[in-house]
Amino acid sequence: MRSFATVISFVTSTALVAGADLRVYPPVVTVAGPNALQQLLVVDEQVGRAVADHTATAKYSTSNHGVAAVAEGGLVTAIGDGEATVTATVGGRTAEVKVRVERGPGSPGWNFRNHVEPVLTRTGCNSGACHGALAGKGGLKLSLRGYDPEADHFVLTRQAQARRVDQLDPDESLLLKKAVRALPHGGGRRFTDDSDHYQVLLDWVRRGGAGPKEADPALVRIELYPRAALLKPKDTMRVIVRAVYADGTAEDVTRWARFGSTEEQIAGVSEDGLVTVAGHGEAAITVGFGTRVGTLPVTSPFPAGDPSLFDEVRHENFIDDHVLTKLRLLNLSPSGSCTDAEFVRRSYLDACGILPRPDEVRTFLADPAADKRARLIDALLGRKEYVDYWSYKWSDLLLVSSRRLPQPAMWAFYRQVRQSVADNRPWDAFARDILTASGSTLHNGTANYFVLHKDTSHLAEATATTFLGTAIGCAKCHNHPLEKWTQDEYWAFANLFARVGLKAGDRSGEVFVLGRPDGDALHLRRGSAMPPAPLGGTPMPAGSDADRRRYFADWLTAADNPFFAKAVVNRVWRAYMGRGLVEAEDDLRDTNPPSHPELLDALAKDFVAHRYDLKHLTRTILNSAAYQRSSRPLKENAADDRFYSRYLIRRLPAEVILDAYVDVTQEPTPFDKVSLGPSGGLAASTSYPRGTRATELPDSLLVSRFLETFGRPERAQTCACERTRDSSVTQALHLNNGQTLNDKLRAKGSVVDRWLDGKAPDAVVVDRLFQTALARPPSATEAKRFGDALGEAGRDPVARREALEDLVWAVLTGREFLFNH
Amino acid sequence: MTQRLSLLFACCVCVVPAPTLAAPAVPVSAVAYHPSGTFVAVGSHGRVAAFDVSTGAMPGAVTDLPGRVTALAFDPAGKLLAVACGEPGKAGLVRLLRPSPDCATFVTVAEAARAHADSVYGLAFSPDGRTLATAGYDRVIHLWSVPAAKADAPPAALETPVRTLKDHSDTVYALAWSPDGALLASASADRTVKVWDAAAGTRLYTLGDPTDWVYALGWSPDGTRLVAGGVDRSIRVWAAGRDGGTLLRSAFAHDKAVLRVAYGPDGKTLFSVGEDRVIKAWDADRLKEVVTLPTQPDTVLAFALRPDDKQVAVGRFDGFAALHDAATGKPQIQLLPAKPVPPAVKSAAPAFAPRGRTVTVTLAGKGLDSVTAVTSTVPGVVAKLTTKTPTADALELALTVPANAPPGPLPLTLEGPAGKATTAAFVVDRFPAVAEAGSTDSARTGMSVTLPATVAGAIDRAGDVDFFRFEAAAGQQVGVQVVAAEVGSKLDPVLVLTDAGGRTLAEGAATLGYTVPTAGTYAVGIRDRDYRGGPDMTYRLHVGPVPVVTGVFPLGVARGTTASVRVAGVNLGPVAAVAVAVPADAVAGSRVAVKVPPGVGGEVPLGAASVGVGEFPAVAVVANAVELPAVPATADGVLADPGDAHAVRFRAAKGAPLVIEVHAGRVGSPVDSAIEIRDAAGRPVPRAVLRSTAKTFVTLRDHDADKPGIRLDAWNDLAIGDLLYADGELMRIQAMPRGPDDDCLFFQVGGKRVGFLGTTPAFHAFGNTLYRVEPHPPGTTFAPNGMPVFTLFHRNDDGGPGFGADSYLAFDPPADGIYQVKVRDARGAGGPTHAYRLTVRPPRPDFAVRVSPESAAVWKGGGVPLTITVTRTDGFAGPVRVRFAGLPPGFHAPDTTVEADLTTATVSLFADADAAAPPKAGAFKVTAGATIGGRDVVRDASLGVPTLADGADLVTTVGQSEVVLAPGRETKFVVAVERRNGFAGRVPLDVLGLPHGVRVLNVGLNGILVTERETSREVTLYAEPWVEPTSRPFVVLAKREGKKAEHAARSVLLRVAK
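Chains as they are written, first to last, in the numbering used here: chain A, 1 to 821; chain B, 822 to 1879.
So here's chain A without its partners, still in its complex pose (with noise of 0.2 Å):
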């Protein structure tokens, strides 16, 4: 079975490599320390991308012993220093990579920090599961992941009376004879004696077992090879792994790394890092070695489709590059334009959270102008509902409630969110606004932030949550294990914020913020201030009194910055089209790629490029075709929820939802009740006039059952997980049996009310409720349906009313109003 497997993987992997090129990777190999071996890897390589695997089959020689040895499997050895061509030889082709060696006399030994902890990192040894856990596991404790080898190198060699190491007879150490399972070990059998791993522990031990030291090369970041690959199903390839230092050195680390897929289904990964192709699509192998994290890229086509669905489609401006070019390689057809009727509604809904007018839907599809969508999208940007959308939308990520904050302090911040929407302030504008607030937080109501985020580690961990959109708060106990981001990092990027002081104001409510003189965050470990540091970036200069909030936001707000734009056109794009090219739209990390990176990287250039300005990023969105496309699936590209082959249906948020159905009906939401919290139950409310609406709240706390059902966020903490998009049976419930839809349908004066007094006809009745609800006239069968409904229930008033409640609730609570499709 599993030679037949190789055949056809042989078989399609030729079929596949026509023009493809010979590589052998690392493109160089260098040995200077004392890892002898690297693991070559022999691929076909089309447009940069690793096609086959032929690393287990090919041939391989050296052209000097004295140097390198390459063993079958393509693991090269190093013998002594100097220069040798190792050649690999496919099917007749060649390739070949360098091998050099300059280790000099004497070998340094095996590196505790570089090797020894990577090692008992690889072997689960400092696992949360085992001695990496809080309390450690039978009386060792190493730190988490090896992110404090100072203390893991006490405790090897030290603690306990010295019992773990033996200097003087290095194989009975204690270290050894449990991870071998000499000795019985609770965590079982971790490697065998004869392993690789065995050999640097016992190897480091009779070296002396030296600890970290101050001058050890520091790791600056790995490589991966291949860079990306382009696989069908069941494909195999192998990955390889080197550690690159800042003394220039290399060397293979793919033994002491860790791998992980995200997308287990369409590409598994063993722990050795062995690529199996499983479904169709595209994941992310992540890997992990010291405090360093990288991805590639798997890409698996789906089966093809009718490539001349691609000649049709239409193509707007950049995106559509980046998406095409994307569809194509998967072998994704794209579905064809949304007509123009789909496209109104759509667009409302999406820039405005508004239903369209039946008169203007009539307007627009009457109007026969080529740049009909384009002025759209431009009168949508410029009304009052996108400025109450995107306040709303902003004041979620912002927390903005008077949950924590009192009334007068969330209006004002509310307002100064509002403003700054209206305004269209540029996002670094608006960021720096925010961060560098000083002062009454009456009178300048983005300070409030401060108010929300009281506790230095907190306010780090919103700020980088917020305008990174990345999460860092792991990194507080230790290094992160999913990001580069290490526990001196993270107190670097804390200490940032140390110096936010909140005192009394002037009367009750009021805090002022303002920059303290002093005061630092102290390393959670080391008790110890570090040098203040954005992510990533330099540190201030050592006892420098500048404003520590202004450094941060010069830093966050840089055109270089690296995360800042991405971070807010990732939450952009995913408002627009359904899924972020990174999702969760708050998770960027190295570890989980966006699905278009270099889409991605594209519209961040451009935002940079226009001054951050928010409007036209959503214009360039709007416009696209891939914004625009049908939400209709085809049979080729039905798989998709992720490539943008087709427009990714959505249910409607909470407060659209609720706002549709007062301008269905007619009948305004009242909001007069505000929660006091968990315990503290309901206050009534006059500050919300009866026909305001949900989206113009500024306050999270006002009681509505529906709202809450359908997923408004509690903005208690700044994640867009706060925000529930799924459909629940509770839903369904509260729609068929909640009162919030027949409260509004039975109330005097509603639609339903004036259809009656009107005596309209059926018919006239019928078109206007699929116009106002569903933009669009009734189908032929609808028309005639509905019309009988009205018609069976003749001219008595109450039955008359009875049937006009349910023909409107039925369409009310239909899957075509409730989706954005």
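Certain hints may be false.
Pairs of lysine-lysine, DSSO-like flavour, derived with a Cα cap of 27 Å [stated by the list, open to error]:
{"no.": "1", "chain 1": "B", "residue 1": "LYS1516", "chain 2": "A", "residue 2": "LYS141"}
{"no.": "2", "chain 1": "B", "residue 1": "LYS1311", "chain 2": "A", "residue 2": "LYS673"}
{"no.": "3", "chain 1": "B", "residue 1": "LYS1077", "chain 2": "B", "residue 2": "LYS1109"}
{"no.": "4", "chain 1": "A", "residue 1": "LYS615", "chain 2": "A", "residue 2": "LYS605"}
{"no.": "5", "chain 1": "B", "residue 1": "LYS1077", "chain 2": "B", "residue 2": "LYS1131"}
{"no.": "6", "chain 1": "A", "residue 1": "LYS232", "chain 2": "A", "residue 2": "LYS635"}
{"no.": "7", "chain 1": "B", "residue 1": "LYS1167", "chain 2": "B", "residue 2": "LYS1241"}
{"no.": "8", "chain 1": "B", "residue 1": "LYS1516", "chain 2": "A", "residue 2": "LYS476"}
{"no.": "9", "chain 1": "A", "residue 1": "LYS234", "chain 2": "A", "residue 2": "LYS59"}
Please keep in mind that the hints were generated in silico from the structure rather than gathered at the bench.
With chain A fixed as given, assemble chain B onto it according to the hints.
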């Protein structure tokens, strides 16, 4: 007549009714009670009004009746009111009205325009309500079928009578149905009473006993008696039935003709009314007078008895209608004439006018028809009544507002015979007014106005901010004044002036001034301070050449000197500076007004202008720096631009401590100062190093900077007096948490936490670390202990209690030399009015003393707690001895001490059970003494003489007068509470005034509680081991829950002894 009226009503009507106006009184000619007894209908010429019998309010009236109303009757169900009226000699009209349940409206159900040929006097519904009997001057009796009172039916005509009974030979004055409805009796001027079979329409018999006209008639409730009275002044009672009547009794009842008779509902009382204006109540059986009511001042034309016979309604010829208590005759409510209404104004239209104009204003309100003159206290205002005739509801004025009238409400006094009323319904605007219109939500898009302008608007919903855009020329001085509370608005305004893009240029509350730098569009914004909103939050915003003072410089002038004070502002005219002379004996810190001359248009500028009285020579800060010539001295500066920092240099000598103090916020400047001492080279001067020795965490919630309590995660390493450092604040523990759900209390003054060593109280977030620290001299080094070491510099933001946002630092110079104080705004703010005064001077340690309450009401035989509070200045920390002098006899308050470092002590002010009421005046005072720098200093606080209070619900007693406690030990004493006056609730106890380090141990979740079942409770005191031997009184008090009263025991002496 007026005099008698007032005598009659002296007991219930406070305002003497004014003499009636020229119009003659309208006689009240008919009254009838609704069967429910809640309303009474009163008829007069052309009108029937319904009144609420308990309030006298008039919910409704019918006013379109032709002629005088001669009779009224409600049907037994109360659904219909029959009205008889008409023109005498021509016709008698009968109308059936259906009143609404609240008698607010009346719908005509049916009408017979010519029911009778002349006036109708008799009007009676049959008991079943189906038949209405009418009779009158035309001598006939008609029986009408009452139409069913169906809703919404159009008025029907009462076609023809069902029956007409024609036997009387003269006017029929009264009709009465027997209670069973079978018989109808009629009384006539033909000197007879006739009894009819109502169903058959036949006369049964005639009673011919009366000797003259019969006016009045009535059946007893049991239907066995018939009573009648008339011109022969007699009342006659017959035993009457279907078969005939027998005269039972007769009595001469009145001096003149008997006008009305009526049985009470139980038939035992009979009421009569005579033309002699007397109303009498009779024992019906014996026909003896029971009550004779005071003689009415004029002829009674109408009378009715309330169905419960507790009240009678009387209507008189003089137009008077009133309700009287039937038993006593006491007037209860006057219905008519409506008491003359003093004028009252509800609104004015227009409600405002700019100055220098004459406008026609219509005032709306009540009683305006009696207004004879309108005046105003504002000089120059002339209000003339126009030729238009005023009505009660409306009055038209020609109002002349002089050009110099102050903008805001214009009080108008309306005078009339019923009194004066002063109203502020009218508002004077500075400029022609425009109403807020369209979208005003943003400075970018707000409504445009042309200056000068007055904008009338409202912050009509929560979160609302209104912006008005205007064009201004370069150099134009824009003054803004908002008038809100003065005209009854609930708005607490905040003003802002921005550029066209919304950037804030100037801020203010009620006024604002700004000089426009470049021509262009600007905007004025107004909002509520707390972002509230509502229809009652209106404002009038005046923007234009309004003279406004925005600030003065310097903020103070040394006493005994004259200084030129620069006055900043807009539209002030040519004035730039005002000479201010401060007398040498002025009190330092007091205020001296700066007399700013009138501004543009000769108007008094808005905004207070005053300077503080200083003590030391002052120099001005130039180019952000100044050197004080000598110490003590003051530097005056302006932080003109955001982020400005000034340097004030001074010479100091080691061993000569100094105080550095800022006056800014306290003297009206917007500056929130922060200061720092640096050496000559600009390096911060350290004050102390803090070595951490333990740590704990903030838990439960975020804590704000004001409260003395912070919830700690753990405190087993902590003790009273420990210093904790967190978020730049150094605080000191005053009391440990009393249990797991209690805050740790820190040193506080007036309920606000105090920062030590120049630190400022800050917010502490949930989870923040608090370090217990030991302060050491700067430069001290320590062996590492795994905890951080903090260096404190000579820095201060807020100076502590009494300083507000102003800064204060004590400075003990480490070496001789030049130092500098860096002054900046803590928030980085700056602007032309951001002035401050910084004074460097030697410390003057001192204190002041205050006692609360200032005038105690002391329970007889009990005590109240007196809290002595010491305000310490310039580092004085020593103990303060407190004595009470001039206590009235029988009152006791022991001497005590405010301990070193602390600010309060509490004793019990106790009065003996037999204490006599103290004299009203006396010299009761607290004398507080301390030794400061070797000198004895005494400060007094005067107190109001205590008063005695009776009726305590609790008496608190401690069995012993002295408690002895050893440091590190516990002791117990018993507190007894005696409940009085039926009080039986639980009693929480409190113990106040304990020495620092002594606390109550056995505190439960509810404090120290004496439960409902207990009358006493044991209290345990504990002294920390470090408490020094001391002896001082403390107070035990019991709280009366629900009344918020405190009942202290007599002070107990606590002796801490080893």
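Consistency of the hints with the structure:
1. LYS1516(B) <-> LYS141(A): holds, 24 Å
2. LYS1311(B) <-> LYS673(A): holds, 22 Å
3. LYS1077(B) <-> LYS1109(B): Roughly 18 Å between the alpha carbons, so the hint for LYS1077(B) and LYS1109(B) holds.
4. LYS615(A) <-> LYS605(A): holds, 15 Å
5. LYS1077(B) <-> LYS1131(B): holds, 26 Å
6. LYS232(A) <-> LYS635(A): holds, 20 Å
7. LYS1167(B) <-> LYS1241(B): holds, 15 Å
8. LYS1516(B) <-> LYS476(A): holds, 19 Å
9. LYS234(A) <-> LYS59(A): holds, 24 Å
The structure meets every hint from the earlier list without exception.
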